[in-house]
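Asks: Input sequences plus hints: build the corresponding full structure.
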Amino acid sequence: MSKEEQFVNLIHENQGLIYKIATIYAKEKAEQDDLYQEIVYQTWKSFDHFKKASKPSTWLYRVGMNTAITHLNKSKKQLNTLPFDQVTIQFSESIDSEKEEKIQLLYAQIRKLNLLDRGIIFLFLEEKTYEEIAEISGISVSNVGTRMSRIRQKLKSEMNPKSTTDGTR
Amino acid sequence: MELDEMKSLWADLSLQVEKQDKIQKELLMEITKQKFRSSLNSVRIPEILGSIVCAGYAMYFLSRFSDFEIWYNQVFALVNIFIMIALPVASLTAIKGMRSVRIDLEAPAVILEKFNKSKIRFWKVQRYGMILGAVLLFTLIPPLTELNGSIEKIQNPTFWMIYIPSGLLFIFLLTRFVYKKYKGTIEASEKMLRQID
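Protein chains in written order, with full-length UniProt numbering: chain A, 1 to 169; chain B, 1 to 197.
Treat each hint with caution, since some may be false.
[What the hints assert, rightly or not] Computed list of chain A residues with no C-beta within reach of chain B, every gap over 10 Å: (1) M1; (2) K27; (3) K29; (4) A30; (5) E31; (6) Q32; (7) K55; (8) S57; (9) S97; (10) K112; (11) T129; (12) Y130; (13) E131; (14) V141; (15) G145.
[To be verified] Subject to a maximum C-alpha distance of 16 Å in a straight line, what follows is the list of computed EDC-like cross-link-like pairs (lysine to aspartate or glutamate): (16) A:K45 to B:D104; (17) B:K33 to A:E4; (18) A:K128 to B:D4; (19) A:K3 to A:D48; (20) A:K99 to B:D12; (21) A:K20 to B:D12; (22) A:K102 to B:E2; (23) A:K99 to B:E5; (24) A:K20 to A:E126; (25) A:K45 to B:E30; (26) A:K45 to B:E106.
None of these hints come from the bench; they were simulated from the model.
Idealized CB from N, CA, C, for every residue including glycine.
Replies: Structure representation (structure tokens):
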């Protein structure tokens, strides 16, 4: 299999992952498309390292998160999206409106976190263990724990301010 | 919403994402190639052009240095040569630092730290760059006037009576503007660095 074929297969199999990274790091659809394309491009640029990586899944999470961090830091307002009609995954089936509303609320709250914490909660939601989160994000396991409890508090208070003021769960 | 509920919501979302139509494989490679071309097109042309202009001026002053008869024009020319060489070098080095982060080899926490440090350095260079640019504008006219053969203009006291106050006022206003403009950006990057610790 050629390098191009391997790359295309990797991206094709992980489009959902890239889509989710683009969505938690960028708010507007145009920004998400731009970030999505940038992650695809950066993955291609460093694809030779992927082939040597001991843990390919860790590698892709890292490239995705690192691209989001550097891309958003570099050019917050300069979009460089290419004019393709369908560059991100399109939802063909509708999700029920209540669930959709909750998902949008979840995204909105995650986007309020700082860039590193956004990545940590994303990995947590992706069912990664604290050890895996530490390995991917480059911080210690105990730091992951500390950050997670801080994020938990923050999300809880922002998504349900009444319950925290009442002291209820 | 508790984390467990978030997790279950996220799992639903992941399932939905996986079910959706994926981008055609051919299109993926096309996106990559187009992005590669567009990133080549956006190579810092303004920065390179600016550096060429600065280097050209520095060379011009160096080659005509022996033509300066007035002592302060020799000093101004030296200041100009220094700024026109140092400024592009500092600016290009800072940009290179910001771009040299390896997103495929390092962890996000490390990338974030390196990137923000480079960014702070870059904005500081930009800040001092603009101030030095104002000094450059102020010190450029007298030596150029002498080289153009209009030496009598700069030997007239009226010229200096207008030139010095207006030049100093210009530098003061620009410096104040630049400090205000970049203060927020540098502070935001420093805050981000503190959050990583």
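Asks: Hint by hint, work out which the structure violates, then give me just those numbers in ascending order.
Replies: Hint check: nothing fails, all pass.
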